[in-house]
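Spelled out from the first residue to the last, the chains are:
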Amino acid sequence: MTETLLSLRGLTKAYPGVVANSNVSFDIGVGEIHALLGENGAGKSTLVKMIYGLVKPDSGTMVLRGKPFAPAEPRSARADGIAMVFQHFSLFDALNVAENIALGMETPPPMRDLARRIREVSEAYGLPLDPFRTVGDLSAGERQRVEIIRCLLQDPKLLIMDEPTSVLTPQEVQILFETLRKLSSEGTAILYISHKLEEIRSLCDHATVLRLGKNVGECVPRETSASEMAELMVGSALKTPQRAGRELGEVALDISGLSAASPSAFGTALKNVHLTVRKGEVLGIGGVAGNGQDELLGVLSGEILTAPDAVRLDGAPVGQMGPTARRKLGLLTAPEERLGHSAAPDMSLTENAMLTGSVRENLERNGFLKWGAAEDFARRIIEAFDVRTPGPDNAARSLSGGNLQKFVIGREVLQKPQVLVVNQPTWGVDASAASAIRQAILDLAAGGAAVVCISQDLDELMEISDRFAALNEGRLSTPRDAAGLTVEEIGLMMGGAHGMEVAHV
Amino acid sequence: MDLSAINPVLLVASLMVAATPILLAAIGELVVEKAGVLNLGVEGMMITGAICGFAIAVETGSPWAGFIGAAAGGAALSLLFVLLTQLALANQVASGLGLTLFGLGFSALLGQSYVGVKPPATPKLEFLGLSDLSVIGPILFHHDLILYFGIVLVAAVWAALKYTRMGLILRAVGENHDAAHALGYKVVRIRILAILFGGACAGLGGAYVSLVRVPQWTEGMTAGIGWIALALVVFASWKPWRVLLGAYLFGGITVLQLNLQAAGVAIPVEYLAMSPYVVTILVLVILSADKSSAPASLGRIFHAAR
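Residue numbers (this note's numbering), protein chains in the order written: chain C, 133 to 637; chain G, 1096 to 1401.
No lab work stands behind these hints: they were computed from the structure. A few of these clues could be false.
Pair ranges (Cβ atoms, derived) [unchecked claim]:
| no. | chain 1 | residue 1 | chain 2 | residue 2 | range |
| --- | --- | --- | --- | --- | --- |
| 1 | G | 1220 | C | 252 | 47 to 57 Å |
| 2 | G | 1391 | C | 197 | 51 to 61 Å |
| 3 | G | 1281 | C | 197 | 21 to 31 Å |
| 4 | G | 1281 | C | 352 | 36 to 46 Å |
| 5 | C | 460 | G | 1281 | 44 to 54 Å |
| 6 | G | 1261 | C | 148 | 33 to 43 Å |
| 7 | G | 1220 | C | 248 | 44 to 54 Å |
| 8 | C | 408 | G | 1395 | 50 to 60 Å |
| 9 | C | 578 | G | 1391 | 23 to 33 Å |
| 10 | C | 195 | G | 1200 | 52 to 62 Å |
| 11 | C | 487 | G | 1107 | 55 to 65 Å |
| 12 | G | 1247 | C | 212 | 50 to 60 Å |
For lysine-lysine, the following DSSO-like pairs were computed, each having C-alpha atoms within a straight-line distance of at most 30 Å [what the hints assert, rightly or not]:
| no. | chain 1 | residue 1 | chain 2 | residue 2 |
| --- | --- | --- | --- | --- |
| 13 | C | 199 | C | 314 |
| 14 | C | 289 | G | 1219 |
| 15 | G | 1281 | C | 199 |
Glycine included, every Cβ here is placed at the ideal spot set by N, Cα and C.
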């Protein structure tokens, strides 16, 4: 390693009830691409927030280029050459690109000069952007470009990237990596947070692994296998889901010629979507977020009504039925957003179990609720899916993301659906819970149900689906057998590189 | 019925007077809502400003001291809203309603000894030559300072929101407070300043009622125009010039229907009395048919968790 840029010594940060970081130390060299690996809740985000001045460490020190470094706020961190691209975009939908970028700068030039510089820098790094477009109208990939350009305009010495590839197509990822390598060769250090091991192996010079807030090991990713890194991350060997060989039955779900407008202003309309799913089959639907996933789920769940013939369940038209009527027929859905869409955050698990289970599990009589039966149902879910909670009386909000996700998926699986539609079933869920959820989906299909799994995690889709299709700008590609698909082919199905080009300076 | 009794020149001139309290309160509330805060206490802050301004003007004999006192009074009451919503993280709707009820009661208490008192007159500006012009003079150049201040304030707020960094940061805070916080902006501090500005504007608007428009003190004399100001901000799609348009429309129809009543038009008084509300809301609803631009964080409580 060359000269050290930033060294962390014994950083500790505790929140009530949880130690987010405990005595974390490592060094980042000038121009080094340094990976920070770890499961959800391992303390990666807290650690980078300390470097960026958003959170103050309880103890420990940081040294930047030989001088003590303790940023009181992001402004002073930025002044010292630290820039950050956030995991959940820190953008303002109603403002335009140039305004968003100006907000992230200390002393922005007048708008016209800024717009010119945005064009220059974005073209130099192969990330074309129109400074006067409203951010709310941009795709996820373009939004990320806004964040990156915002950082680049400040000429950073250390660029922190928090899970930057979760919203990109494989081609976009390649171009992003080219940009990052170019930056690194120009002397900018990059702290790259991810749990995608293959990406880290191809990009990073050095990796630090966090588990439960502690630094549990360092490695050189190019010389370490993905499974070794996974073991460091999880602390034990991972169980991969088992797929049983099975016979496919007749067509359970049939969508033909479906077009539907999006209910939200910044949504994507579905255009002429065709798909069929047979009994016992798992259809994986990939695509970058915001290309019609939410709308497709809405059309299947009954939140968006269509012509009766557009959606058929076992041959019967259901396009004009609401969610409850579809549930009665055996079409169940689990949306992506846990807090607010698939569960009511402030209601207890029993109440949440009742909300979707009342029809199929017979939890009400003549409009009156059967509390005992509902609580039994909630208990069955908690037991069958190993949901870690003191009991069914706890509010959904009090569960961690992974546990609530297990509850939400378990609630639908236990209702014995004919067709199950899930959106992002393992988003923000740690590796062991994710593999339990995937196993449950596979078991359900093995039992003869048809499953549609919408996800942005390609590895997940390859692991569980029989056939694969991708959504791109509201259009669904023709489904193909998942076995034997290459990453290139998948990327093209997802819409390719969306006009990005490799950096050419 | 005698429509000839209505003098169009005086009508337009008094329209501007009638619109100014709403205009002041609404432009203040617009800034508050642009920062992502919904303060339903406009009516309470207006009436508090009305009595504070009235009392201070009577005691000191100076209407200008009264207006300054009114702005301070409105801001002081909004400080209560700040404590509740920004520091104690209370619900903004409930706090705002509470502020209105409190303001109405508190102003009645303060104003007990001022009923029937006549305040010092607010002088009208005379522009050399211009004020004597035949039609334009009385309409445009024969008003008091506060009326012009209201119009200048609309222009200033519009320019500040559109062209200055301060305005950009304010909009950013109202648009996505989590992102603004992540970028290192002081969300709570910016919102507190916006709320105080809104309070001062509402107080000024209230004092304009008690010192210029009416001018006397009666309990509950703002009579719901704080609510009109609130509605105006929404229907004006958070755009300053549309607030001005809406306020003048409302003021205009109010004055016109009073004149029509006086002229004895054969329309029941109740219909005339409701006409300003109906017409203003109708026009602004039609105008706001374009993409709604409500600040995305409006009314949401900000709490810097981690």
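We went through each hint and held it up to the structure:
| no. | hint | verdict |
| --- | --- | --- |
| 1 | G:1220 - C:252: 47 to 57 Å | 51 Å, holds |
| 2 | G:1391 - C:197: 51 to 61 Å | 39 Å, violated |
| 3 | G:1281 - C:197: 21 to 31 Å | 28 Å, holds |
| 4 | G:1281 - C:352: 36 to 46 Å | 42 Å, holds |
| 5 | C:460 - G:1281: 44 to 54 Å | 52 Å, holds |
| 6 | G:1261 - C:148: 33 to 43 Å | 36 Å, holds |
| 7 | G:1220 - C:248: 44 to 54 Å | 45 Å, holds |
| 8 | C:408 - G:1395: 50 to 60 Å | 42 Å, violated |
| 9 | C:578 - G:1391: 23 to 33 Å | 44 Å, violated |
| 10 | C:195 - G:1200: 52 to 62 Å | 60 Å, holds |
| 11 | C:487 - G:1107: 55 to 65 Å | 59 Å, holds |
| 12 | G:1247 - C:212: 50 to 60 Å | 42 Å, violated |
| 13 | C:199 - C:314 | 27 Å, holds |
| 14 | C:289 - G:1219 | 61 Å, violated |
| 15 | G:1281 - C:199 | 27 Å, holds |
When the structure is compared with the earlier hints, violations turn up for hints 2, 8, 9, 12, 14 and for no others.
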